[in-house]
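If you want the building blocks of each chain, they are given just below.
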Amino acid sequence: MWQREQIGFRLREELCAGDIVTLEVLTPAGTIVMMGEPEDVGRMLVVCEVHSHSEPSHEVGTANLGVIAQALMQRYEYDEIVIKGARRESGLRAGQFARDIRYRRRAEPAV
Amino acid sequence: MRGSSRVTSGTAVALNLRSDRDRLGPVATIPAIEALVKRHVPLLRAKRAIEAMLDDGTVFVEVPRVEDMQTLAGELRAAGVAARPSIVRGAAGGQADAVDVAALRQRLAMTQEQFARVFRIALPVVRNWEQGRNKPDGVATVMLRMIEAHPKEVEALLWSG
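Residue numbers (our numbering), protein chains in the order written: chain A, 1 to 111; chain B, 1001 to 1161.
Don't read these hints as lab results, they were simulated from the structure. Any given hint might turn out to be false.
[Unchecked claim] Have a look at the derived ranges for each label pair, beta carbon to beta carbon: (1) A:Gln6 - B:Lys1135: 32 to 40 Å; (2) A:Arg99 - B:Pro1124: 46 to 54 Å; (3) A:Arg10 - B:Thr1071: 35 to 43 Å; (4) A:Glu59 - B:Leu1108: 29 to 37 Å; (5) A:Gly8 - B:Leu1157: 43 to 51 Å; (6) B:Thr1071 - A:Glu13: 17 to 25 Å; (7) B:Arg1018 - A:Glu13: 28 to 36 Å.
By construction, the Cβ of each residue, glycine as well, lies at the ideal position given by its N, Cα and C atoms.
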């Protein structure tokens, strides 16, 4: 599993406009591009209509997704992230909507 | 994928986009959206078009600036999207040419009244287009191109439900 400090973020400005934000997530396995329509609700970030893409395609896994979420909350100072209605783009249920995914910020593990 | 710049010249093209998992694999939505944005489709419209295509299997989108159809089709194919131009016209860097509404209507063997009724367009609007007093706007042009390519399907769609 990845570590929080291994994750970086870079804004794709040419793919940001209006309510749409696109971020490159830099991970040990490569770059993942994530596009969504985020909204701040206090210290909670709600992101709708999310798409993601990695090149070359690689499996992230739920544990590493959690690490990305923790790194994002730490970097941008949120306590919670809710990803609403993300569409599965691969796997057996490609094209179907996943249920909402919720991450809560955890304290950084003691070194 | 990073650092793609926008094309600087080209022709407006109305495109039919189709997902085809069997032949092209799953749709890579972000590269598909980026291919449209590079050609001056506003980001939100590009995103919604690709999302509509995922929902419905197909979508029409007007792309303002296509430098080379083969290049665009190749980029979209690599993203799992089949692209077919509805009609390619217009001068480089300009808007798509207006559809010849009178010729289209005559090809369908309809009177102005029939054309207006079947395609749910106000009769004075059709008359103004044909007599050159008004030109169809972007959305109307796309619809006329759809009528041109698939008149029966558009009629069925407009009168369903």
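- Query: Hint by hint, which ones does this structure get wrong, listed from lowest number up?
  - Reply: 1, 3 and 4
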